[in-house]
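Peer 1: The lines below spell out each chain.
Number of protein chains: 2
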Amino acid sequence: MKNISGGVTAAKGFAAASTAAAIKYKDRTDMAMVYSQTPCRVAGTFTTNLVKAAPVKWDQKIVADSEYAQAVVVNSGIANACTGAEGEAYCQQIADKTAELMNISADAVLVASTGVIGQQLPMERMCAGIEAMHTKLKEDLESGHDAALAIMTTDTKPKEVAVELELGGKKVVIGGMCKGSGMIHPNMCTMLSFVTTDAAISKELLQAALSDTVMDTYNMISVDGDTSTNDTCLLLANGLAENPEITEKNADYETFKAALYVVNETLAKMMAGDGEGCTALFEVKVVHAETREQAKIISKSVITSNLTKAAIYGHDANWGRILCAMGYSGAKFDPDQVDLYFESKAGKITIIENGVAVDYSEEEATRILSEPEVTAIADLKMGDASATAWGCDLTYDYIKINADYRS
Amino acid sequence: MKNISGGVTAAKGFAAASTAAAIKYKDRTDMAMVYSQTPCRVAGTFTTNLVKAAPVKWDQKIVADSEYAQAVVVNSGIANACTGAEGEAYCQQIADKTAELMNISADAVLVASTGVIGQQLPMERMCAGIEAMHTKLKEDLESGHDAALAIMTTDTKPKEVAVELELGGKKVVIGGMCKGSGMIHPNMCTMLSFVTTDAAISKELLQAALSDTVMDTYNMISVDGDTSTNDTCLLLANGLAENPEITEKNADYETFKAALYVVNETLAKMMAGDGEGCTALFEVKVVHAETREQAKIISKSVITSNLTKAAIYGHDANWGRILCAMGYSGAKFDPDQVDLYFESKAGKITIIENGVAVDYSEEEATRILSEPEVTAIADLKMGDASATAWGCDLTYDYIKINADYRS
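These protein sequence lines map, in sequence, to chains A and B.
Numbered by my numbering, the letters in the first sequence go through residues 28 to 434 in order.
Numbered by my numbering, the letters in the second sequence go through residues 28 to 434 in order.
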């Protein structure tokens, strides 16, 4: 497996388009379409928030009931959440319009929205956007990149990744794009993530591979502890790579799943590292835990601690806040056994041993914490399990983004 | 029952003293002592954080095993948390020193610390502080007020309250002080709270009254979602009011508990309203819930949502974030049934009805949200239970306080 250029259009037969439909933003693109020249098997994971946006409900139905999907229509600016029956009817209209133009069935059209909650979509402009996009669909990498730009809200960078692998002697590609910067604390899935592949794989195993990898990637990131109403991760497979179809959990399945994990982890880390207002990606590894679940609970507790996040912003080795967040996580461990390290490109430093601070250099620690990607490693000395979670620092700009205007 | 002036020295027979011991801060007091002229029954609730500060472990033992307590010694600046066996030995030394000077038993001395985690207490200065205080103990309100000042860390105001009630024809007083501004998300108890009363009440019922009221007061506030290592609430009763001793859950017990609830709620709200960097007390009421537990889970989820807190800072009626936080709380309800209101001294406004926004005035909403105390009311239309939680807004100053120096 190797990384290659591109994103959602890297796999064979996937095209994308984008347009400036003036949904809410001005002077930028805000709609994207992804289309496969042949029908795709589709898998999805969605928010566990009880308050689910209309497009989440729509996609859940498609993923559950439709044998194939072929198009995804996305808008940024308005989330179509808390919009009642009117908002749900708009999903149907978006699918109908797209189906008519592309000459496919409406239940092969997935929809996704991100932006402000509670406002209704301007349907005339949405439909005009779909019309504009359907003639612009292209299978090149640039169109995929432009789609990644169009789905951004408070993101500062587009997020895409692609990998190439071999299955049964055939070259297979998995590529994807995502967006997510605020209201990011996925549970069963993330903000919006769209992954495409030309692999041939059964619907059941496509969903299994997605669900498995989502648990350890998107579900292990947090920007602000707020689980969105719109979290959606869709995985489309059109089979154009012509590999022998994966219909059981064999070696090919494991190879596919490992590559999918890399795609999802990369996209998830991109979201955490581009958290609203953040200056650093903050990675927390819990090692030598008794169980993986325990390691996950503890690492997630640390990356969601406001006090720890503010200290990371200040490049302050305030390890007491980390131990405190581990302690209130709900997972059991012995605080008097814990070793803690900070690590980055600038080096690695031991901060506490057996629950008590060693005589470390604050200057050295601050130097290590001043990098754009910093890691805290907590060694529980209990067993062989481990887990990693990704977050970001808490900054003035987070407040600015979320207090100064309605996002 | 009526409110009266004073705090921890308002009840008969309680004296306080404070001193500038240079534990960490300069040019301010940082140690306090509370002393009862007669032995007290004592009740306590403590942090549920697995990482417990040395003074928490000390006090838990005293509350469990000692029949009486008579003195409390508190310092601010250093938390004596994550300090290993050395930190635990210091608690014994503080108690020994105080016991010797006051001629009481060391297991009648409670200790409490608040401040930075991981540093050892400067014991020479601690002991000098205790010596200075033991000659300054006074039963007047001013000494109680000065003690409330000495235990502050990032607090901007001292926090004290006192009430007077009648039990069995006798005047009884309950008074208290607390501190807490950051790392505030109490679970079973709060940062540091000291409540004194001259009521005569059995140890068992004193603890019952405290535990019951703590659940609905301190445990319903949050500043930043971080449950401290040092949370301690102590309640001392010396019986000098000479009311018939409360030994069963009779009318007197209910009267006492109701007054204690007022004291604890007042102190808890003072902490939430003085959260680090905050500009507003943010109250969330969930009404017509099916169960009280459901109402508590939902109201706490809203007051801990960073996105909601940032919107409150921006005086933005961003109700989508409130519904979102209700939705990921884990409690079940029907989003399509919810009504939501904002209320403050400036008025009350309906924002959503049956899960969808009504045509409200953004200007009017912003005017209501610009007060220093604002309330969101969510009506679930399911039953008769309700709950209230208190938090504060999330501001630039929170980041400043927690990123710019080690607190």
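These aren't lab readings, by the way, just hints derived from the structure by calculation.
One should not assume that every hint holds.
Note that the list lumps identical chains together, so a pair holds whenever it fits in one copy or between two copies.
Result set (DSSO-like, lysine-lysine): computed pairs, CA atoms no more than 30 Å apart in a straight line [what the hints assert, rightly or not]:
1. Lys51 x Lys276
2. Lys359 x Lys184
3. Lys427 x Lys296
4. Lys375 x Lys276
5. Lys184 x Lys427
6. Lys427 x Lys276
7. Lys427 x Lys375
8. Lys53 x Lys408
9. Lys84 x Lys312
10. Lys359 x Lys84
11. Lys198 x Lys359
12. Lys88 x Lys359
13. Lys296 x Lys230
14. Lys375 x Lys296
15. Lys53 x Lys372
Peer 1: The structure should be examined with respect to each hint, and the outcome stated for every one.
Peer 2: Outcome of the hint check:
1. Lys51 x Lys276: neither (45 Å within a copy, 61 Å between copies)
2. Lys359 x Lys184: neither (38 Å within a copy, 36 Å between copies)
3. Lys427 x Lys296: both (23 Å within a copy, 26 Å between copies)
4. Lys375 x Lys276: neither (39 Å within a copy, 59 Å between copies)
5. Lys184 x Lys427: So Lys184 and Lys427 pass the 30 Å test inside a copy (18 Å) and across (26 Å) alike.
6. Lys427 x Lys276: Classified as neither; 48 Å inside a copy, 52 Å across copies.
7. Lys427 x Lys375: between (33 Å within a copy, 27 Å between copies)
8. Lys53 x Lys408: neither (54 Å within a copy, 40 Å between copies)
9. Lys84 x Lys312: between (34 Å within a copy, 29 Å between copies)
10. Lys359 x Lys84: So Lys359 and Lys84 pass the 30 Å test across copies only (17 Å; inside, 37 Å).
11. Lys198 x Lys359: Answer is neither: 46 Å inside a copy and 47 Å across each miss the 30 Å cutoff.
12. Lys88 x Lys359: Cα proximity of Lys88 and Lys359: across copies only (21 Å, versus 39 Å in one copy).
13. Lys296 x Lys230: within (27 Å within a copy, 53 Å between copies)
14. Lys375 x Lys296: For Lys375 and Lys296, only the intra-copy Cα distance (21 Å) is at most 30 Å; the inter-copy one is 43 Å.
15. Lys53 x Lys372: neither (39 Å within a copy, 38 Å between copies)
When the structure is compared with the earlier hints, violations turn up for hints 1, 2, 4, 6, 8, 11, 15 and for no others.
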